[in-house]
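Colleague: Residue strings, one per chain:
There are 2 protein chains.
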Amino acid sequence: MSRVEKNNIPRPYNLIANERANNSDFSVDEMFKFLEGNSDQHANSILEISKLLERDLVLRNKPGYYENTSKDEIRRTTFLKVKQLALYCERIVAEQLANGVPYDKIDISQYNNILFTYAVYDPQTVTRIAIHSGLFYSAIKGNGTKAQFNYWAFEREGLYAKGVYGCFGMTELAHGSNVAALETTAEYDFKTKTFTINTPHIGATKWWIGGAATTANHCCVYARLIVKGKDYGVKTFIVQLRDVDHHLIPGVSIGDIGAKMGRQGIDNGWIQFTNVKIPKNFMLQKYVQINDDEEEVINSPMDQLAYGALLGGRVGMVMDSYRVGAKVTTIALRYAVGRRQFGKAVNKETNFASPQQVDNSLKLEKQLIDYPNHQYRLIPLLATAYCLSSAAYRMVRNLDAVNSALESTQLLKNKKFLFKTIEDLKEVFVISAAVKPSSTWYGAKAIDECRQACGGHGYSAYSSFGQTYNDWVVQCTWEGDNNVLSMNSGRSMTKYRQSALKGRPVPSQFKFLTKSYKPSDFAKLDFSDNARLLELFDFMVISMIDEVVAQLKKYNKDFDKVGPLMLNTAKFFCQRYYLESVLLYFDATEANSSIKPALVNIINLFALYTIKENSGVFLRFGLLSQSQIALVESRIFDDLLPFLRHRIVALTDAFKLSDFFINTPLGNYDGDIYNKYFDLVNSVNNNKSDYDDYAYQDEILKFLKRGSIEEREYHEKDAKTLEKLGK
Amino acid sequence: MSRVEKNNIPRPYNLIANERANNSDFSVDEMFKFLEGNSDQHANSILEISKLLERDLVLRNKPGYYENTSKDEIRRTTFLKVKQLALYCERIVAEQLANGVPYDKIDISQYNNILFTYAVYDPQTVTRIAIHSGLFYSAIKGNGTKAQFNYWAFEREGLYAKGVYGCFGMTELAHGSNVAALETTAEYDFKTKTFTINTPHIGATKWWIGGAATTANHCCVYARLIVKGKDYGVKTFIVQLRDVDHHLIPGVSIGDIGAKMGRQGIDNGWIQFTNVKIPKNFMLQKYVQINDDEEEVINSPMDQLAYGALLGGRVGMVMDSYRVGAKVTTIALRYAVGRRQFGKAVNKETNFASPQQVDNSLKLEKQLIDYPNHQYRLIPLLATAYCLSSAAYRMVRNLDAVNSALESTQLLKNKKFLFKTIEDLKEVFVISAAVKPSSTWYGAKAIDECRQACGGHGYSAYSSFGQTYNDWVVQCTWEGDNNVLSMNSGRSMTKYRQSALKGRPVPSQFKFLTKSYKPSDFAKLDFSDNARLLELFDFMVISMIDEVVAQLKKYNKDFDKVGPLMLNTAKFFCQRYYLESVLLYFDATEANSSIKPALVNIINLFALYTIKENSGVFLRFGLLSQSQIALVESRIFDDLLPFLRHRIVALTDAFKLSDFFINTPLGNYDGDIYNKYFDLVNSVNNNKSDYDDYAYQDEILKFLKRGSIEEREYHEKDAKTLEKLGK
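Protein sequence lines, in the order shown, are assigned to chains A and B.
If you number the first sequence the way the numbering used here does, the last residue is 727 and the count never jumps.
If you number the second sequence the way the numbering used here does, the last residue is 727 and the count never jumps.
In isolation and in its complexed conformation, chain A is listed as follows:
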């Protein structure tokens, strides 16, 4: 026994162990492979990286990780981890250079996979270094020439934070989403061949710049190019912020923007520029050049291609959403299996190590997971994570293909190839603009619902939910505010649909917009048929877009007026995209795979849950009837939830998140919830023999033992005193 106890105690570990042993009819390994892009290679790579991370003592957080530590202390420990990650990157690059790989061919995808995997454990550390190696260098890659990228990344060795530590100077205090309206200026002087960078007023102060407050010595500044008084729009410039002694360059003002809701470990700062001069070639010149002889600006219309490099962040956030969903549903579902409350236990024997031990005198309560309401709160979130994983891998692969095309020598030689690449890039852009928002909102909702599903203990810092939520929710705002992105995506889809109706070509992943359906097609829909449900989802997106078009007529083509509708269209498109993606991957699994029965039901639950949660719109457009909604509900509650409940431990095990990644006793693999939680609380908090040594203990005692009001007021108002003072 782990502590002195009588027999009559809750044993969540036996519940979980027994359910793990008895309630699984599929291979957890096969399921894991499916979740990792249906690829053995990916699945193995994730496991290898997970092992590497789990063993790294610099990257491992201390038990006090969830304590309120001061911002400076969090910043410092985060930097130690940033250094360690940079060293991994350095090795990966060095190995390739040693093997003669040229700069242009160096592949850091292994390093990026380390970051993505570590992000579920420590998002702030990953963001902090990804601003440098991801955003800063992606901006240089996207906007700069190869020579420029190779200089900053490899000749200077900056890619792995040697000599150069970059930050990404886009957002301004008064300008977030609207990049085209940024107000920082870069004015060119043909005489000195330099740019002068200026912050015209407080609203144009660069704000939220991660790394600026303390770490960065360079910044990729987004500023308006001004030449001979003419404004050529927003371009990118490399500006040194700190010199070789890490002292600020004169004209550069920097401050720390201080505390945030989460991710305190990132040193976000503000920057103001006052007449800071940089050489001509510090402008990134892939799509814009200045011809000094003709005194003119050569502005390429293809500068939209620059954003391809930044899409990686947005697509990565979809993968993050999958992983955070996997993490929090694992915690809440394991807790739901181990925790009892109220009603009579359904099966007592699972409380015991072996069924022979059953003590029928015990009044055991019901496991949380046996309540239909609890099932409905959690299992659809798990199902969404399953479907989301396919969508995330699909998007990563699509973006990889586009980025390869962007790097291809074909690009500038072959116009057809160029146009195709531009179209493909735009397609990824539109899809990610719908899927990033809804996926990050899913993440926020999953964390919050899973926290609530763990009751009071969910509110303990050691449940991990609080910090996970606080770190997470910025994903709904940065790299494109979720509302703004969704509306933009909905707008693009509307245009695709209008093109489709006119017989013009639409991108391949929007081909479904050319279809035509009528409600009667679905009058006898078999709700267990996932492929048919996808067609219903097609119809739903089409119906929503057609409503957008109708409303646009009403409002004289004022797109702002149909904002809420476009938003909902993009939201529903995302659900459709999840379903399409997971079915694509499902169809690619082996015919006799053991995971199929569970997976079919998982997918089906996701689809039917989506219908139920959006039943207002399905009914509104007449796509389904009232009695069909009743059928959907009956299938959810009578078939799918009970089926999946009995496989629930295996379904969370299939995420293969070790206790290192779970990082809370409420969701550990062995399910020894109460002992581990109690021990963790005491290891962090109660290391002294008793509680009498608190600094303010005396203050409490002095207050409790205070004298009467009369004593504390020098008895000035006592009757005797007042007598002396007059009548």
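Read the hints as simulated data drawn from the structure, not as lab findings.
One or more hints might be untrue.
Put simply, identical chains are the same to the list, so a pair is met inside one copy or across any two.
Only pairs whose alpha carbons sit at most 20 Å apart, straight line, appear in this in silico PhoX-like list of lysine-lysine [unchecked claim]:
1) K724 to K62
2) K511 to K413
3) K561 to K344
4) K83 to K705
5) K557 to K524
From a predicted model like this one, the values you see are computed outputs, not experimental measurements.
Model the placement of chain B on the given structure of chain A, informed by the hints.
Modeller: Chain B in isolation, oriented as in the chain A frame:
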């Protein structure tokens, strides 16, 4: 000018000042009175208390309030404020005692109003003292005799934290919501006339006990009364935890449960009892006594009345929900008026102090508030706060009436009066079990949506949203988990409906369940008619309950199976309750009041928003047609939102939350968003001449300037070295 700037700058303060001056057609004072229970007296009292709090330098938080401070430091500053609040309580009691008021008649409602008002500013401080003066003393009042209450509260002067500091020992590690299953035991010994308190195993450890970790010296322990081996269920016992030197009593083990998602200032702890003996009279004896002569337990069946005293907390949380909604919508809506993004400005002149100054060369962007999507995100949340205020005041008044009845001498003399009181108490119980969950969920949603609506700046700690959210969301869990409470409430409503159908009496606020409607009654519904909409809401609740009943048949009366349906019933009942309450108060306003036109539209928006958000259920039950939903949407977007948008500054001013309560530059009254935000960030963070003095600056520099891998590895792998080591 506040800093050196050219003319071309964003001026949110002019936007807000001009809208305040020009876009209001009602009296803000009258509206404020309406919001404070439609009572001049309440409105004035709130303003007086607000002034008192705003001026109190102990209660005022420092500018670093939103920084990551260590838990110990937050605990200490919170305790200083707890002391100050206790001193207010002491004065209020002392004044009455000096005027000869007997213990039984002492009224601390003024002190409680101070707590409620302060809670919107500093929830953790209020909770910390309210656990003592509210929960601990409410438990004594509810369960104890008058003599017991008077001793602990007044003779010992404990009520205002003199000598006695209490905590509330209900929750256990393995038992939260299910109080009846608590496992701590209190075994009576007739020989020694003492109880022995024991924690049988780790799962029964008292957990989450606010005040236990450091402050409390007494605990009201909920434990099973065991007499001669028989279990009489859970009763309440006063147990001393710490002695007069504040040292733990032997047998009492206490630990700090450490960091939480929010409210770090509360010293929650765990407690284990090992054979702790207390005298017989330390059991609270209003509803249970032990007769030593007969060696028997006298257990009153009326012990449910004890919970009346605890309902205050639950009802208070509805008021909290109103105030937090008021706070966050004020911030987000003022920000939405001052902040510009994207599209062309609708009216440029409001940017300037006077219309003569308009500079048409300025490219001004559109105010956020002019986007229909932004309006739809925020204005319904404001409208909900308006309706919620009426519901909160109504519940407070109902509970006050019940509590007066519970204190009445009639109670034990007049059986009819007793039964009526039991029924009334149950009615408040059922209503609060529906309204507390949905209101606290509204609070969480409002904070989160308002944060997102402030974009990136919403994620800054100085926006206040982060801490407000973290402090808030525990309200969805404590004093009855929202899901559990809602399902229980839905179950009671189902029973009321079944009684109603059988012609049996139902409580007055559930009389609407006796009505009968048919869909055709609403076929020609005028959606601007709030009174008719209330009837529609009646019908909706009735339809949902009838569905619960139908499903219960299907599932053989297994209430757990219909949990999700009961939950939704309670949720919708709450919306109906808001509507009914606000219409009650609206009907009581003066006929020619200037606030009526705005108020009618606010209420209408709330009702139609509720329909739109629940359209799936309205359509499912056939209460409304598809075309009616379209009408609802058109009325929201074409009439109500544009109407309210033009009064939006006045509608937030009407909450009368001064900058002290708003506590963030994003939502200050004067709207000088950027200057004040910038100044606050720098006053807290950037007080040094530059950033070169960071403790880990050297570490950064050393890392950036590190040598090559070869150097760092002692050149052991250089070709020359390897040559020496063999072939």
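Colleague: Going back to the hint list, which numbers does this structure go against?
Modeller: 1, 2, 5
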